[in-house]
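Its first residue numbered 1, the sequence shown is counted upward by one per residue in my numbering.
There's no promise every hint is true.
Stated by the list, open to error - DEER-style ranges, computed between Cβ atoms:
1) GLY49 to ARG124: 38 to 48 Å
2) ARG124 to THR97: 24 to 34 Å
3) THR134 to ARG87: 42 to 52 Å
4) ALA22 to THR97: 26 to 36 Å
5) ILE18 to LEU67: 27 to 37 Å
6) TYR122 to LYS88: 16 to 26 Å
7) LEU115 to ALA60: 38 to 48 Å
8) ALA48 to ARG92: 27 to 37 Å
9) VAL102 to ALA144: 24 to 34 Å
10) ALA48 to ARG15: 29 to 39 Å
11) ASN135 to VAL102: 44 to 54 Å
12) ASN75 to ASN135: 35 to 45 Å
13) GLY16 to GLN111: 47 to 57 Å
14) ARG87 to GLY16: 36 to 46 Å
Don't read these hints as lab results, they were simulated from the structure. We put the CB at the ideal spot given by N, CA and C, even for glycine.
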Amino acid sequence: MLNLLMSPARRRTVRGLIGTVADAVRSVVAPATLVEHTDTPALAADPAGLYEADEMPDVATIERAALSLDLANDNARRADRAKRAARKVLDRLPAGTYGAWVVERVTSSRQTADLDAIRATYKRLGLGPVPMKTNAPSLKVRRAEIVPADATAIAAELTAA
């Protein structure tokens with residue numbers, strides 16, 4: 001009954017507060033239920049156009065490329081953080097000239113699909129859910145964990161031979 005008297009925004013707020021309280025209680029009673037257990041990330045299938053066996057570059061070339069990508073990703077993250085910090089200041093400024101810099105806002109020529117309007121149209125016409133496609137798989141590079149050789153197993157192999 002109380003639900004009918006509240007606006008949709010207030011219902012979302014109350015629902016969010018109830019979820020937060022439930023999470024807080026769960027964190028005290030059973031904290032493990034709040035953690036998503038994922039053993040391994042879902043791996044995507046290899047795309048077409050990969051190296052053939054006779055075209056494979058040597059390991060040193062692959063290691064240099066992986067290191068370059070890792071460093072470039074790290075630099076991109078740092079640049080993105082610096083950009084966000086600068087935007088915090090600049091987004092609040094009115095348009096104008098500040099020293100040697102001009103701050104202005106221009107309309108973008110990029111357009112994106114209005115998914116809310118598309119969903120409403122699909123619902124109105126009874127077409128079911130909006131068809132969606134998955135994104136292209138992301139290339140991830142990470143340093144391999146080097147497991148030290150078990151000295152006793154190596155000694156046993158050497159004595160057996």
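Hint check results:
no., hint, in the structure
1, GLY49 to ARG124: 38 to 48 Å, "holds, 42 Å"
2, ARG124 to THR97: 24 to 34 Å, "violated, 49 Å"
3, THR134 to ARG87: 42 to 52 Å, "violated, 30 Å"
4, ALA22 to THR97: 26 to 36 Å, "violated, 52 Å"
5, ILE18 to LEU67: 27 to 37 Å, "violated, 48 Å"
6, TYR122 to LYS88: 16 to 26 Å, "violated, 38 Å"
7, LEU115 to ALA60: 38 to 48 Å, "holds, 46 Å"
8, ALA48 to ARG92: 27 to 37 Å, "violated, 47 Å"
9, VAL102 to ALA144: 24 to 34 Å, "violated, 49 Å"
10, ALA48 to ARG15: 29 to 39 Å, "violated, 45 Å"
11, ASN135 to VAL102: 44 to 54 Å, "violated, 36 Å"
12, ASN75 to ASN135: 35 to 45 Å, "violated, 23 Å"
13, GLY16 to GLN111: 47 to 57 Å, "violated, 31 Å"
14, ARG87 to GLY16: 36 to 46 Å, "violated, 27 Å"
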